[in-house]
Amino acid sequence: MSIGHTLLGLLEGGPRHGYDLKRAYDEHFGHGRPLHYGQVYATLSRLLKNGLIEESGVEQGGGPDRKRYAVTAEGVTDVDTWLGTPEKPELYMQSTLYTKVVIALMSERDAQDVLDTQRHAHLRAMRELTARKRGGDLADQLICDHALFHLEADLRWLELTAARIDELRNQVTS
Amino acid sequence: MTQPLLAATGVVKSFGPTKALDGANMSVRAGEVVAVMGPSGSGKSTMLHCLAGIIQPDAGTVMYDGKELSAMPDQPRSTLRRTEFGFVFQFGQLVPELSCIENVALPMRLGGMKRRDAEAKARTWLDRLEVGEVAAKRPGEVSGGQGQRVAVARALVTGPRVIFADEPTGALDSLNGEHVMRLLTEAAKDTGAAVILVTHEPRVAAYSDREVIVRDGHTRQVEFA
Amino acid sequence: MNVRGWMSDLVLGVRLAVGGGRTSWARLALSAVGIAIATAVLLVAASAGTMHQEREVRQYADFVQDAPVEGVDPTLTDRNYTEFRGDHVALTYVAATGPSSPKPAGLPELPAAGEMYASPALAELLASPEGELLLPRVPEKVAGTLPQGMVELPGDLVAWIGVDEKTLADIDAVPAYGFGSDPEAASLDPGLLALLLVGAVVLLLPVFIFVTSASRIAGAERDRRLSALRLVGSGSRQVRRIAAAESLAGAFVGLVLGAVVFVVARQFTDRIDLFGERAYVSDVVPDPVLTALIVLLIPALSVLTALFALRRTIIEPLGVVRQSKPVRRRLWWRLALIMLGVVLLTTQLGAADNSDTWAWAVSGGAALLLIGVPVLLPWLVERVAGQVSGGPTSWLLAVRRLQLDSGTSARVVGGVAVVLAGAITLQTVLMSVEGVVGLPGGEDAPPGAVEVSTSQELASAVSAEVAAADGVDAVHTLRYTSFYEASTTDNAWGAVVVDCAAVRDLVRVRDCTDGDVYLMRDEYQMPPEPGTALEQRDYQGTSNADLVVTGTWSVPADAKYFDRPDNSSVYATIVVTPGAIAAAALPQDESATVYAMVSHDLTSDQLEGIRNSVAAHRVGAHVYSFNTGPDLDDNQQTYVAIRTGLYAGSIFTLLLAGISLLVLALEHIRERRRTLAMLTASGVPRGVLGRSLLWQVALPIVLGVVVALLTGIGLAALVMRLTEDPMVVDWAGVALLCAGAIALSLLVSAMTMPFLRNATRLSALRTE
Ligand SMILES: Nc1ncnc2c1ncn2[C@@H]1O[C@H](COP(=O)(O)OP(=O)(O)OP(=O)(O)O)[C@@H](O)[C@H]1O
Ligand SMILES: [Mg+2]
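Protein chains in written order, with our numbering: chain A, 5 to 178; chain B, 178 to 402; chain C, 3 to 770.
Calculated from the structure, these hints are not laboratory results.
Worth double-checking, as some hints may not be accurate.
[Unchecked claim] Derived contacts from chain C toward chain B, CB cut-off under 10 Å, selection only:
1. 103
2. 259
3. 680
4. 682
5. 686
[Stated by the list, open to error] Listed below are several chain C residues computed to face chain B (Cβ distance under 10 Å; list not exhaustive):
6. 143
7. 144
8. 147
9. 404
[As the list claims (entries may be wrong)] Listed next, with one range per pair, are the computed distances between beta-carbon atoms:
10. A:35 to C:394: 54 to 60 Å
11. C:753 to B:256: 23 to 29 Å
12. B:202 to A:35: 34 to 40 Å
13. B:250 to A:128: 37 to 43 Å
Owing to the predicted nature of the structure, the values given are computational and were not obtained by experimental measurement.
Heads up, the beta-carbon is just placed ideally off N, CA and C, and yes, glycines get one too.
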C-alpha cells in the first residue's frame with residue numbers, strides 16, 4: 005500500500021502536523037500495525053522534495069517536528085491519478101500450499117493431513133478476525149471482511165482440492 | 178480439562194450398503210461452539226442426528242451429561258430433545274399454520290406452560306433476535322432470514338444446553354447468514370449453551386471455537402498450539 | 003387460441019393425470035373409482051323406470067276378465083295365497099269348464115287337476131329339504147315351470163294349480179273368460195309421490211356430490227402443480243384447460259369403469275337380493291335418454307368442479323409459495339339457497355297437489371335444502387375454527403390448520419354430511435309413514451293369533467284340526483254376520499256369535515254367562531240401543547228393491563255396553579253368545595272363523611304346522627296369522643328391507659366419504675412431511691401430532707353431523723307436513739348414523755397413524 009498517497013489524501017482535508025498525520029493514518033488504516041515516526045518523516049520529506057506538499061508554518065516554541073504540511077496542486081493531481089488507476093488483481097499463481105500438497109502426494113505422505121493442518125490454521129485466523137469484527141466498528145468490520153473473504157477463498161480452494169485429491173494423486177503419481 | 182457434555186465414541190451408522198459413519202468420535206464441552214465440516218455426503222448430518230439422539234447408532238456410544246443416550250428408549254430421548262436440546266435446520270422447521278410467536282411458544286406449551294406465559298417469553302426472544310415485528314405473521318409471510326431467526330428463537334427459548342444446527346444459514350445470503358450466526362452464537366454464549374454447527378461455509382465456521390472434520394465417516398480433529 | 007394449442011393443453015393435462023408416477027396414478031384411480039360408483043348407481047336409477055314398467059306388464063298378464071264372452075267356457079279361478087316362513091306364496095287354483103276354457107298367454111296349458119305350474123323359485127324350494135313344511139299345502143305334481151312373463155320378480159313363489167271343477171264351483175270361484183289386461187296408469191296419492199320424489203333426491207344427490215368431491219381428490223397437490231405451471235408462464239385459460247383435461251381423464255375412466263361395474267353387477271340381479279327383492283336381468287335396462295344424460299353430465303360436473311376449485315389458484319400463481327389467508331366465505335347466498343328450499347317446500351308454489359309444478363317444487367325444495375348442507379359447511383367450519391382458541395397444543399395445531407385451509411376438509415365432510423342428512427330424512431319419513439307397522443317385540447303388538455277362515459260346514463272339523471296342532475293353546479269358532487236396523491236403508495252393524503270362553507279370551511269380559519249380549523263402543527260407531535229391532539238381509543241384486551229379509555232379532559234389553567279393548571281381535575259391534583240367539587236366526591251359508599290362541603313364542607315350524615293342519619281342505623280353509631313368532635309379515639318385511647337398504651346405503655356412502663377423508667389426511671401428511679419430521683426431531687411427541695390430525699378431521703365431522711342432523715330432521719318435518727302424518731323420529735337409528743359418522747373420523751385418523759409414523763422418520767429430515 006502506498007503510504008505516500010495515503011498521506012497526501014489525508015492532507016487534502018487541511019494542513020496537519022506530522023504527528024497528526026500518523027495518528028489519523030493509524031486510526032483508519034493501521035489495524036494493529038501503527039506507522040513508525042521514521043516512516044512518516046521519511047515519506048514526508050520525499051513528498052516535500054517532489055513538490056507534492058509544502059510546509060505551511062511552524063508552531064511557536066515547538067521542536068523540529070512541530071512543522072505543519074499542506075498539499076500542493078501537484079499533490080492533488082497525484083492523488084487523482086492514484087485513485088483512478090485500478091489495482092492489479094493478484095494472480096496467486098505461485099501457491100506454496102499447492103506445492104506442499106503435490107509433494108506430499110508424490111512422496112506418498114498424507115496430503116489430507118497437509119490440507120487439514122492448513123484448514124485449521126486458516127480457520128484460526130478467521131476466528132480471530134471474526135472476533136475482532138464483532139468488537140469493532142464498521143471500518144473494522146469491513147477491513148476484517150476483506151481479510152476474511154481472502155481466507156475464505158483459500159479455504160474454498162482447500163475444500164475443492166480435498167474433494168479431488170484422489171484424482172490429483174492419480175495424475176501426479178502416474 | 179472439564180468433562181465433555183456430549184461425547185460420541187466409535188459411532189458406526191449404516192444406511193443399507195452405505196456406511197455413513199464408520200467409527201466417528203467427537204466431544205463437546207458445555208458452552209462450546211463446535212463446527213462440523215467436511216465434503217458433501219461425508220456423514221455430517223448423520224453425526225449430528227446421532228449426537229442429538231434422533232437416530233440410534235449401529236455401534237459405539239453417545240454420552241450426554243453422564244447418561245448413555247445411545248441406550249435410551251425413544252420416549253425419554255424425545256423428552257430430552259424437547260427439554261435440553263434445541264434445533265435449527267436449513268429451512269422448513271416452522272409450522273406453516275402457526276404465527277411466528279406461536280411457533281416459538283410451541284415447545285414451552287408442549288412442556289405444559291400456560292399460553293400467556295409462553296407467548297410472553299417467546300416475545301422477549303423474538304425481540305432479542307430482532308424479529309419482534311414479525312411475531313403475528315405466519316412463516317410463509319416473512320423473509321428467509323427472519324424465518325431463520327424465528328427458528329433460532331424457538332431453539333433457544335427453552336434454555337437448552339446443546340443447540341444442534343444443520344446448515345442453519347444454507348438458504349441465506351452471506352450478510353443474513355452472518356447476522357443469524359452472530360445472534361445464535363451470542364445468545365448461546367449468554368445462556369451457556371453448547372452449539373454443534375454443521376456447515377459448508379468457512380465464514381460461518383469461523384463463529385465456532387473449534388472445528389471437527391468429517392471425511393468418509395471418520396472424524397478428524399487437528400490440534401496444535 | 004388455435005385448435006393445435008388447445009389440443010396440446012389437453013394432452014398435457016391428460017399426461018399430468020396419468021404420467022406423474024405413483025401418486026398421480028393413485029389420484030386418478032381414486033377419482034375414477036368414485037365416479038365409477040356414482041355412474042353405476044345412476045345407471046341403476048336410470049333403469050328403475052324400465053324395471054317398474056316391465057314388472058307392471060307382468061303383473062297385469064294374468065288379470066282375470068270376468069265379463070262373460072259368448073261361446074267361451076270360463077276357467078274357474080280362485081286367487082289364494084299362503085305364507086311360508088314370512089314369504090308370500092301366491093296360489094291360483096284353476097279348473098277348465100270346457101274345451102275352450104282360456105288360459106293366460108304365458109302358460110303352456112291349463113294344469114290338469116292334481117298338477118301345477120310353479121315358478122322356478124317355488125319349484126326349487128319344494129324340491130329342497132327347506133320346503134318340506136310347505137309341501138302339504140302344495141302337494142301337486144310340478145308339470146312345468148312358469149315362464150318369466152308370469153312371475154313378477156325372479157324370487158317370487160307362485161303356482162298355478164289345477165283342481166277339479168266341483169271344488170271351485172263350491173266356493174263360488176270367479177269364472178275367467180280371458181286373461182291379461184293393459185297396465186292402468188295408477189295415480190299416486192300426493193303424500194306417497196312426495197315421499198318418492200324426496201327419496202329420489204335424497205338418494206341421488208349424494209351421488210352427485212360424491213362425483214364433485216371425487217374429482218377433487220388430492221386437489222391440493224394438483225393445485226400446487228398447476229400453480230407451478232402458472233409460475234413458469236402458462237396463461238390462466240391454458241391452466242384451466244389443462245386442469246379440465248386432467249379431471250376429464252378421471253371422469254372418462256370412471257364412466258367406463260362404472261359401465262363395466264353396472265354390466266357385471268346386472269348379471270347377478272336375479273340371484274342376489276337387493277333390498278329384499280330381485281330383478282330380472284332383462285329388466286335392468288337403463289333408459290337411453292337418461293343414460294345419455296349421465297354420460298354427458300358426469301364429465302361436465304367433474305370438469306366444472308375442477309374449474310370452480312381452481313378459481314383462486316389461477317388468480318394467484320404464488321398461492322403455493324406464500325400460503326396467504328383465503329378470502330372470507332360469505333353466508334348470505336348459502337342461507338338464501340336453504341331459505342329458497344324451505345319456501346319451495348312449505349308453499350309448493352301454491353300449486354295443486356300432484357301437479358307438475360307441485361312435483362318440481364317439492365323435489366326442488368328438498369334438493370336445495372340438502373345441497374345446503376355441503377354448501378353451508380365450509381362457512382361454518384371456517385367460522386368455528388376462527389372463533390376457537392385455547393386448548394392443548396394438538397388442538398392449536400389443528401385449529402390453525404383449519405383456519406388456513408378449512409375448505410378441503412369441509413368439502414369432503416360435506417359429502418358425508420349430505421348422506422347423513424338424507425339418511426336421517428328418509429329414515430324419519432319412513433318411520434312416520436310406517437309407524438303403524440309395529441315390529442315384533444314392540445310394546446303395542448297384539449298377542450299372537452292365527453285365524454282360519456272357512457265355511458260353517460267345515461268349521462268344526464277345522465277347529466278340531468287346529469286345536470290338535472302343536473303350539474295352539476285354545477281354539478274359538480266365530481261366526482260373523484250383519485244386522486240392519488229394521489225398515490231403514492243403511493243402518494247396519496257387524497255382529498259375531500261366540501261362546502263365553504271366546505268372549506273371555508277375545509273380548510276380555512270376565513263374567514260372561516251364556517245368553518249375554520255385549521255392545522261394543524268405540525270412537526267410530528255407536529252400537530244400537532238395547533231393544534232395537536234388527537233384521538238380516540240378502541241383497542240379491544244391487545238395488546235395495548231386491549232385498550229379502552232372511553231373519554229378525556232384537557237387541558235384548560239387558561245388553562251390556564262396554565268399550566272396545568285395544569287390539570281386540572273381534573271385528574264386530576254386537577257380541578252375541580249362542581244362548582241369546584236361536585240358531586235358526588243365523589244364515590247357514592255364511593262363513594266361520596276359527597281363531598287359535600297361540601303362545602307368544604310360537605316357532606316358525608309350529609306356525610307352518612298349524613297351516614299344514616288344515617291343508618287338506620285346500621281352498622276351503624284359509625289361514626291368516628298375526629304377530630306370530632319371529633316371522634314378519636309382508637309389510638314389516640318391506641319396511642325392514644327398506645331400513646336395511648337405507649342403512650347399508652348410508653354406511654356404504656359413509657365409507658366412500660371415509661376413503662376421501664383418508665386421502666385428504668394422507669395428502670396432508672405428505673405435504674408436511676418435513677415439518678412433521680422436524681417437530682419429531684426436536685422432541686414433540688408423536689401423540690401430539692397424531693391428536694392434531696384427529697382434531698383436524700373430527701372438528702369438521704362433528705359440525706357436519708350437527709348440520710346434517712338439523713337439516714335431516716327439518717327436511718323430514720317439512721315432508722311430513724305434506725303427507726299430514728305425525729312425525730316419528732327413530733332417535734336410536736339417528737344416533738346410530740351419527741355415531742357411524744363420528745366413528746368413521748376416528749377410524750380414518752387411526753389409519754393415518756402408520757403414515758404419520760413413517761413421515762416422522764429421519765429420512766424426511768433430509769432435504770428433498
Ligand atoms: N436415511 C438415509 N438413507 C440412506 N442413505 C442415507 C441416509 N442418510 C444418509 N445417508 C447416506 O449417508 C451418507 C452421509 O449422509 P449425510 O447426510 O450425513 O451427509 P452430509 O455430510 O450431511 O452431506 P451434506 O453436506 O450434503 O448434507 C451419504 O452417503 C448419504 O447418502
Ligand atoms: Mg447434511
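Original post:
Which hint numbers doesn't this structure obey?
Top reply: Per hint list: 1, 2, 6, 7, 8 violated.
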